[in-house]
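Q: Mind docking chain B on chain A? Use the hints.
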Amino acid sequence: MKQKLSAIQEALNGVLLGKEGQVQLALACLLARGHLLIEDLPGMGKTLLSHALARVLGLSYNRIQFTSDVLPSDIIGTSIFDRELGEFRFVEGPLFAQVVLADEINRATPKSQSALLEAMEERQVTVEGESRALPEPFFVIATQNPSTQTGTFPLPESQLDRFLMRIELGYPDPEAERELLKGGDRRKSLGLLQPLSDLETLAALQTAVDDIKVSDPLIEYIQRLVAFSRRGAEFAFGLSPRGSLALLQSARAWALLQDRSHVVPEDVQAVLPAVVDHRLRESADFAGHGGGALAQKLLTSVDVVG
Amino acid sequence: MASAETGTSTGKAATGVAYQIPRNSLALLMIAQVAVVLPYLLQLSPWIVAVGLFCGMWRTNVYLGRWDYPQRWVKALLVVACLLAVGISGVGAFSLEATASLLIAAFALKLIEMKSRRDAYVVIFLGYFAIATQFLFDQTILMAAYQLVAFMLVTAAMVGMNQRQTRVRPALSLKLAGALVLQALPLTLIIFLLFPRMAPLWTVPLPGAGKMGLQETVRPGDIASLTQSDELAFRAVVNGRVPPPNQLYWRGLVYSDFEAGSWRAAERRRAASEPLTEPGDLAYEVLLEPTMQTWLYTLENSTSEDPGIYRTVDGRLESREPVLSVFRYRAIRHDRSGDAEPLSDSMRTRETAIDPGANPRIQEHGRALLDEQGSAVGMVRAVLAEIQQGPYRYTLSPPQYPGRDSIDDFWFEGRAGFCAHYASAFVYLLRSAGIPARMVGGYLGGEVNPITGHLMVRQYDAHAWAEFFDPALGWVRVDPTAAVAPERVERGLSAALSSEDRASLSLFTAARLGEWDVAADLLRWADSLEHRWNLWVVGYDSHYQSRFLKDLLGEVTPSRIGLAILVGGVVSLGFVAMVMFWGRRPVQRHPVEKAFRDFSDKLAGFGYPRRPEESPSAFVRRVAHQVGLAEAQIGGLVAELDTLLYNPAVAWGQRELRALRSQLRRLQFRLAFGTTR
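First to last, the sequence lines map onto chains A and B. Following numbering that gives the first Met the number 0, the numbering of the first sequence begins with 0 at its first residue and continues without gaps. Following numbering that gives the first Met the number 0, the numbering of the second sequence begins with 0 at its first residue and continues without gaps.
It cannot be assumed that every hint is accurate.
[What the hints assert, rightly or not] Think about it this way: if two alpha-carbon atoms lie no more than 27 Å apart in a straight line, the pair counts; the simulated DSSO-like pairs of lysine-lysine are:
hint: 1; chain 1: B; residue 1: K549; chain 2: A; residue 2: K212
hint: 2; chain 1: B; residue 1: K174; chain 2: B; residue 2: K114
hint: 3; chain 1: A; residue 1: K212; chain 2: A; residue 2: K1
hint: 4; chain 1: B; residue 1: K109; chain 2: B; residue 2: K74
hint: 5; chain 1: A; residue 1: K296; chain 2: B; residue 2: K593
hint: 6; chain 1: A; residue 1: K296; chain 2: A; residue 2: K3
Worth flagging that the hints you see were computed from the coordinates, not collected in a lab. Computed from a prediction, not measured in an experiment: that's the story for all the values here.
Chain A on its own, in the form it takes in the complex (with noise of 0.2 Å):
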């Protein structure tokens, strides 16, 4: 299990070069269960690292590219008459696949936003009063531009909330954006990835993130840490349970990645960013939200010995 985890951490390092960070926290999520939303500049390499992440885990594919006026039955599908049949058949949208990329997400309505943001919490649609299951495993990998640029319709509190975390790519360091003008375009090379898993192995690697140990004192830092961004003055709202168990199921995913058999207080220092920072927003902070310093000052605040 080890080995086949560094091969499809190798094969994804590969294709997005010198984001090593970033990848193993993007599998961490998808080995969590969660949802991952990652906003960047455009071209910073989004939609490739979510399509590598489909192909090597060997999983269905879909994108849906969101404009402002894409419509929720352009995610989920609608229902056409068949003539040959004789009666409606329901065509199944973008959304029915194992992974799910929603390319640009805040450039679309907050109406679409939301079809989206319900099948994510739910894994089923309904259509026509009808309930449909999506496929299973069923992840959304969403990409935002930066809420400040323009033509875009910032997702709110509760729906970001639903993304277990979210990460930043930033610009490739000058090694390997070297190497990246070398060899040229990045999109050839995934066509040569290899699915590197399939749904069992993903199946067993999430079993044993729920079978990685957790013991009371690092309950209570985690308690610790939510209890801070609760009482601190600078935090406009805490965080919620859900973003506690985020925290801690995050922590358990990046400890499998890290080999071992229990979380230790490093992992949770490692994924608290990522976790945190679209939860929180500071009290001086009224319009947008802006966690870095957040997550940071609940890093460095908080005693990870009770």
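A: Same frame as chain A, now just chain B:
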């Protein structure tokens, strides 16, 4: 719109934003103000409440941004109007009501005037003052509990004044205020107990409103009206066994003068003779409810050594000052039988005076009886027998006996009356025969509260009886009511009432007289609470305090009092500090975490502080790296720390913990050695 603009512009000119009252604390302040003023509704005239409501409405509209602050002349007009209203309301220019009315009116008017923080603080301090003032009117435990809440509200308003503008949390400031008040309680208690009660520099004129109770002038029908009231007259604590009700004749007033159908008690002279020398047979303590009068209620032949109390010629106790709040005095009943002081001539004249023109039939009857019996004692016996055997009736609602010959009408025609009718006729009969006699007003009996064992005497226990003078026996008590309604004397009012009398009683009186058991129990419980309150708080005056201080300190000197207050203050504050410390004590630590924390605290002392985000293993690794220890030397420790703390799959016990401790100590020693070198 225009007015709103001028309002903001003048507001800005007068006060900067920083000095403005935060809106959330303004709301709290107004609530606190209402809470403070509310109890004054019972004492002050309603127009002041109307002023308060008017100002409150105005201020609320200012708060909502609809109205502007009033113009200067409007405020001036209001002030003058309030002053005038207090002046013409007829409570007396310097009475307590007048001053309290002014205080509350000013308190209300400040509502429409306060703009800056400074004004708000003035209102807050006025609020505290008004709370203190209310205790001049009412010192019951219920009021004290209410004022504690009001006190918390005012304090919360003050806390709110210091909250940040952006953080609106009234519940938080209430909580903080509650905590502050609770923390202040122990010190309050110490100061209450120990701080010397100084005599007031001036006396506050206290409310003279008519209270229920016995009056100096009484018509025989008046006492019956008192039975409609269940108001408390006094509570008494008797040392030892409580005597049966028929011995509990609480004397209050001696009515010696009879004129035009009403009796008057006018004797105030101090007894010239020595205090009673016979041994005391019953010690008791009375907690008299405010009567606004000077007379006190005692058993017969009682003396008191409390200051401010003297014994009168007619054997009663009087206070030098009117009883304005619960008044507490101790007295001793003396066993006095068969020893008579001679009656002075002036007293004899007074106690035998009758109007020769009125009530001719009873005068005639009295003289005839004396001729028949020959002695005063014989005559008393004959009169009582006549009442007992004649068609006389005891009732709460007797017919009216108006006119000059009211006693004749009662004795020969109506033959139905209340205690005062019988006592008054009895005295008149004896006086007609030249025997000195007088009517005594007071209370008979009382109910024993089973919880605290004290006696409760209520207005419906009011009673009137007679005393006659026998040269051999002195003044002898005779209760003619006992002849017509012995149950009244033996078992209290309830037993003597007919069913229609009973039906006319008020709800509470009926409950007290034991019609409903549960209600009676509840009332008794409330009464025992109030009694303890009176005993320990209200009745703890300078007199009792000096006794308490003497017990506590031996000799009472200023330095000793100061020392006691200091010690008490330190102890009470220490108690509060301990409670707070206990609340913040760290929760039970994980043993490994505790061991590690001890270690990291030591290391911080050597100059290796741990950053909070550093996990134990990371910290050990960093420090080891800093001093140049090889990974191999600490690898075992790091792994051990990690396992014991974070791997629940590995079981460990005391042995592993000890091993870890010794490893930590070794590293610590090595580091200490390294740094000292």
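Q: Now look at each hint and say whether the structure bears it out.
A: Hint by hint, here is what the structure shows:
no. : hint               : in the structure
1   : B:K549 with A:K212 : violated (69 Å)
2   : B:K174 with B:K114 : holds (26 Å)
3   : A:K212 with A:K1   : holds (17 Å)
4   : B:K109 with B:K74  : holds (10 Å)
5   : A:K296 with B:K593 : holds (25 Å)
6   : A:K296 with A:K3   : violated (36 Å)
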